[in-house]
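Peer 1: Line by line, the protein sequences give chains A and B. My numbering numbers the first residue of the first sequence as 1 and each following residue consecutively. My numbering numbers the first residue of the second sequence as 145 and each following residue consecutively.
Keep in mind that the hints were calculated from the coordinates and are not lab data. Just so you know, these numbers come straight off a predicted model, no measurement behind them. Backbone N, C-alpha and C fix where the C-beta goes; we use that ideal spot for every residue, glycine too. Wrong hints could be hidden among the right ones.
Stated by the list, open to error - Label pairs and their in silico Cβ distance ranges:
#, chain 1, residue 1, chain 2, residue 2, range
1, B, E279, A, D40, 27 to 33 Å
2, A, D40, B, G195, 38 to 44 Å
3, B, T189, A, K69, 20 to 26 Å
4, B, S254, A, L107, 40 to 46 Å
5, A, E24, B, R264, 28 to 34 Å
6, B, A271, A, Q129, 42 to 48 Å
7, B, A271, A, G93, 41 to 47 Å
8, B, E279, A, E31, 22 to 28 Å
9, A, G50, B, C163, 33 to 39 Å
There are 2 protein chains.
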Amino acid sequence: MRYFEDVEVGVAHEIGEHCVSREEIVRFASEWDPQPFHLDEEQATQSVFGGLTASSCHTYAISSLIFSKNPDRMAVAAMLGLSLRFPTAVRPGDELRQLDECIEKRLSRSRPGLGVVQSRTTLTNRAGQEVFVMESSYLVRCRP
Amino acid sequence: MRYFEDVEVGVAHEIGEHCVSREEIVRFASEWDPQPFHLDEEQATQSVFGGLTASSCHTYAISSLIFSKNPDRMAVAAMLGLSLRFPTAVRPGDELRQLDECIEKRLSRSRPGLGVVQSRTTLTNRAGQEVFVMESSYLVRCRP
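Extracted from the complex, chain A is given alone in its bound form:
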């Protein structure tokens, strides 16, 4: 785990990857975002994407999973807030790579032992297109 002191500003790390199957797109959407263009190939063909795409929430979940599985992840105490963009749709068979970069960090004024870290996270497909751009801020624990 990387504590607040270990987080380097301006250094991007490739932290993991995930292959998105058609089955996973339909399963996630069935449970959490049952809109036709995430569930049904036929109806998805009529959508602005022209085919099946992952729910935006599913794409965020993939990013969250890659982050959480990384043994070298930041020692997050809490998520404060985030903004998300989805420049390109996520489609069945996409292989996504995640890059994390700390943009800024400072010690918390009100909470001793914690710092605030601003991060930029991107998921990129094999064609090099960004499918997910997240700017987020976290409370991160300092070294014990």
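Following the hints, put chain B in place on chain A, whose structure we already have.
Peer 2: Same frame as chain A, but now just chain B:
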């Protein structure tokens, strides 16, 4: 379904609710955000929240589910982007109510038949605390 023309600016709608169980918190986190404070009551007690809390991604998924299950939902063609805040933690047993409000709308300049809608969505627990505040923008279909 509400098409672009049907969306009223400045009118908040209560669109649904969801009760969050301990089992659901652990199950979602096990699959998508396996950090100890979302999985294990003992370790969660040591966290800044002092107990088990839902993953931020899970909270977003709940909001997405309430939206998608609403038969009167907007005819969304695509999600463009969003910002999320989590002012209060979501805990086992929370009963969350969702309010959606259109902040602004305009016809798309580049895509005939579509409009851009800016929304504000909140999830509130029974104590009246906001646990989730989302500002989002969507492409919404005009009436056929």
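Peer 1: Does each hint hold? Answer for all of them.
Peer 2: Structure-based check of each hint:
1. Taking the beta carbon of each, B:E279 and A:D40 are about 29 Å apart, inside 27 to 33 Å as hinted.
2. One distance hint, 38 to 44 Å for the beta-carbon pair A:D40 and B:G195, holds here, with the actual separation near 40 Å.
3. The supplied range of 20 to 26 Å is met by B:T189 and A:K69, whose beta-carbon atoms lie about 24 Å from each other.
4. Evaluation of the 40 to 46 Å hint for B:S254 and A:L107 yields a pass: the beta carbon distance comes to about 45 Å.
5. Judged by the Cβ atoms, the range 28 to 34 Å given for A:E24 and B:R264 holds: they are separated by roughly 30 Å.
6. A C-beta distance of roughly 43 Å is found between B:A271 and A:Q129, which places it inside the suggested range of 42 to 48 Å.
7. Between B:A271 and A:G93 the Cβ separation comes to about 45 Å, which falls inside the hinted range of 41 to 47 Å.
8. A hinted range of 22 to 28 Å for the beta carbons of B:E279 and A:E31 is consistent with their spacing of about 25 Å.
9. Between A:G50 and B:C163 the CB atoms are about 37 Å apart, so this pair conforms to the stated range of 33 to 39 Å.
Checked against the numbered hints given earlier, the structure satisfies every one of them.
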